[in-house]
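S.K.: If you want the building blocks of each chain, they are given just below.
2 protein chains.
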Amino acid sequence: MSLARPLLLDLYQLTMAQAYFELGMDDLASFELFVRSLPRVRNFLVAAGLAQALEYLEGLRFGPEEIDYLASLGKFSSAFLEHLRGFRFSGSVHAMPEGTPFFAQEPILRVTAPILEAQLAESRILNIVHFQTVIATKAARCALAAGDRQLVDFGLRRAHEADAGLYAARAAFIGGFHGTATVEAGRRFGIALSGTMAHSFIEAHQSEEGAFRDFAASYPSGATLLIDTYDTERAARRAAALAHELRKRGGSHQIRAVRIDSGDLAKACRAVRGILDALNCRDIEIVVSGGLDEHSIEALVSGAVPVDAFGIGTALDVSADAPALDMAYKLEEYAGKARRKRSPGKATWPGVKQVFRERGPEREIVRDRVALATEVCPGEALLAEVMLEGRRLAPPLPLEQIRAYCLREVCALPRELKKLEQASGAEPVQISAALQALAARLDAETN
Amino acid sequence: MSLARPLLLDLYQLTMAQAYFELGMDDLASFELFVRSLPRVRNFLVAAGLAQALEYLEGLRFGPEEIDYLASLGKFSSAFLEHLRGFRFSGSVHAMPEGTPFFAQEPILRVTAPILEAQLAESRILNIVHFQTVIATKAARCALAAGDRQLVDFGLRRAHEADAGLYAARAAFIGGFHGTATVEAGRRFGIALSGTMAHSFIEAHQSEEGAFRDFAASYPSGATLLIDTYDTERAARRAAALAHELRKRGGSHQIRAVRIDSGDLAKACRAVRGILDALNCRDIEIVVSGGLDEHSIEALVSGAVPVDAFGIGTALDVSADAPALDMAYKLEEYAGKARRKRSPGKATWPGVKQVFRERGPEREIVRDRVALATEVCPGEALLAEVMLEGRRLAPPLPLEQIRAYCLREVCALPRELKKLEQASGAEPVQISAALQALAARLDAETN
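Sequences listed follow chains A and B, in order. FYI, this note's numbering numbers position 165 of the first sequence as 165, with every residue one higher than the one before it. FYI, this note's numbering numbers position 161 of the second sequence as 161, with every residue one higher than the one before it.
Careful: at least some of the hints might be erroneous.
Same chains, same names: a pair is fine if it fits in one copy or spans any two.
Under the rule of at most 20 Å between Cα atoms (straight-line distance), these lysine to any residue pairs were calculated in the SDA-like manner [to be verified]: (1) LYS418 / VAL429; (2) LYS418 / PRO361; (3) LYS337 / PRO114; (4) LYS346 / ASP231.
I should point out that these hints are in silico values taken from the structure, not numbers from a laboratory.
In isolation and in its complexed conformation, chain A is listed as follows:
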């Protein structure tokens, strides 16, 4: 699970690196990572994955097995492979703090290093930051919809392989989730673990009643019973009866919640809440799951449906409505000179840039300005130096702190952007006059 898998890169990164090596092109290059445009179903994005990106850069080495494999391809000179053997990332990184909401055309991370080094980092840096940004954004939307209800990540099984399951839990927590069912994410990131039971447990028993009793008996800290295997309302009554039985017996074993995973959730929750309340089990919470996303959360919450917690799986872990962002890592400056790609529809803003965020009297976000890093603009500069000469400048922040920052910053977004539906206006981003002038000047130069 080490982050430094040095050959997780695109072949062209190595062929370009070899060319730079042979040509002696080793001037400093600045690459910036940004999103070209937002998906229609996103009004803002949440930056995430920075900690892993820095860990990757700091640990990037090419070992003997990797060098041997590259040699076997017959594409690389022994001098270049020898250079790779001693490779260390020696550059600097500027980035927005994890959890920062951002918009299209805003650089969220900048790598400055000899061009060979900066180019070798391209694909994996994108791979790391893109995924967690996709998930943190989706999670933030769920959190906006859920209000004060609990949100739990249930998505490991449908996440795109192992790492996605693990880092989805981390990114979801940053975006506002409260816990995860993924045990390894609890171990690695200290995220609260949450779990109930599967239908198979009920089905493996002779009776649902027996299954509930057995499960509660082996779960000392308060069980959550799954009640939709056969007949949800009957199962709710069984859960209530068992809760009374356990109370009478005393001890820590108790029924903490019931989970409903299918059917008309609003109707089922109301019926189950009614049954539990009538049977004097007001303390038993209701957890819902089963194909939920931010829109179904919003519908349940706005309908005042009695739900205490949402388990969100597939829609979160693959960000089903926007599984990818148009995120790029582009050369903006080389050897002290601003650079610009002009490909149709993919033109970039040249030069080393900064994002200045202006706020209102309540700290609410009013507008951002993308400007040259050398400009002096009103507002706070969002990109800060986090790595120098290949070393992180500070230990990783506690995840709780990143999450709290994210919740505060998302809350500070303009009201219109916090709605789930597409915002009517433009994103609150301006391009500075100096930056526009630089782009025009570069376009006028011949190539």
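Could you slot chain B onto chain A? The hints should help.
M.R.: Chain B alone, transformed into the frame defined by chain A:
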């Protein structure tokens, strides 16, 4: 990158396992993995990931660090943790061969083991097989659209973290891709590597012409030049001029292809082909990339646009239009008795099942029948035993062989299902009368 990450599971798998352990419930359980219904944008699916699923099961162990972490949660008894310490998967697995096209409600993999073991495998088995099935299916659609053109996976940067990038390359190859840009996938799976150059290489140079010359000089086996950084047609002429220059000089250095990554690809390809042909460079191939999917491939191919190879990134590696499948791993039999979940919209076909595939005179697929494994039905049985007593029965098949099988079987699908648009009829799947009778009988029993 080891597959056995034992804590990549859902907490409830462990809590249920503890309950089974304490209750002494250790009868054999059969869980089947299947897709409840196909996404609207898929007419068939391609099974993939079996090799990794078996490797996972064979290697699953809980080490001291994992046990210590679980102990720290205060949810598990020391007897149960001691049991986990000695855990080995001892069950059997039946599965369809990787590369098999399949439909909704067809089990593609069955795990039979003491229920604790089979339950512990749930999430990770799903996580492995789900992802590669998603990607192999998407790749097969691209291959149907591309005909005899080359397909290369360019998607690492937008794949969902590291494992997804790696296994997307494998699954795409199974589905019909020819190569990948992801170097680690070349190393791990022997997939042909393919790569060109990035815009940054051009931009870092004083001139595009200089960049082309430098790149070709350091690329002994034939370079692919990216020609859309500034002005595509002008760059095509530069590429042709350089090709002539290199030919005159002799040696292995040459221009193999040009790549176009933006703009109106059909128009650009026609213009570039015209330029190259007119300049006597008919041997220089055209590679296109940039937001392509099976639909844009089909449009270019059906328009007879001169394209030799497609680089497919995001749409492939996240399967953008269908990033997840409604795939489940459900208990179908325990202690010799068939089981059935009846949750609304999620009812399962009970019992241990087999899929029988009937073919026409040209081996074309006519229909499938989902039946009880004990039934005798016409056609070939698709599920075969691949693991017994926790050991694989055969070494993994060469990936080339899986790919060839997949291409043959996809080709054998009914014509209607091979179209990219939604097929008008139902999937060619029948549920056997005996299976329907069993489900009705179980429903009639009280719980």
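S.K.: If a hint holds in the structure, say so; if it does not, say that too.
M.R.: Each hint, compared with the structure:
Taking the shortest Cα distances, LYS418 and VAL429 sit within 20 Å of each other inside one copy (16 Å), while across copies they are farther apart (45 Å). Only within a single protomer do LYS418 and PRO361 lie at most 20 Å apart by alpha-carbon distance; the minimum there is 19 Å, versus 59 Å between protomers. Only within a single protomer do LYS337 and PRO114 lie at most 20 Å apart by alpha-carbon distance; the minimum there is 14 Å, versus 66 Å between protomers. Only between protomers do LYS346 and ASP231 lie at most 20 Å apart by alpha-carbon distance; the minimum there is 13 Å, versus 55 Å within a single protomer.
This entry satisfies every hint, going by the numbered hints stated previously.
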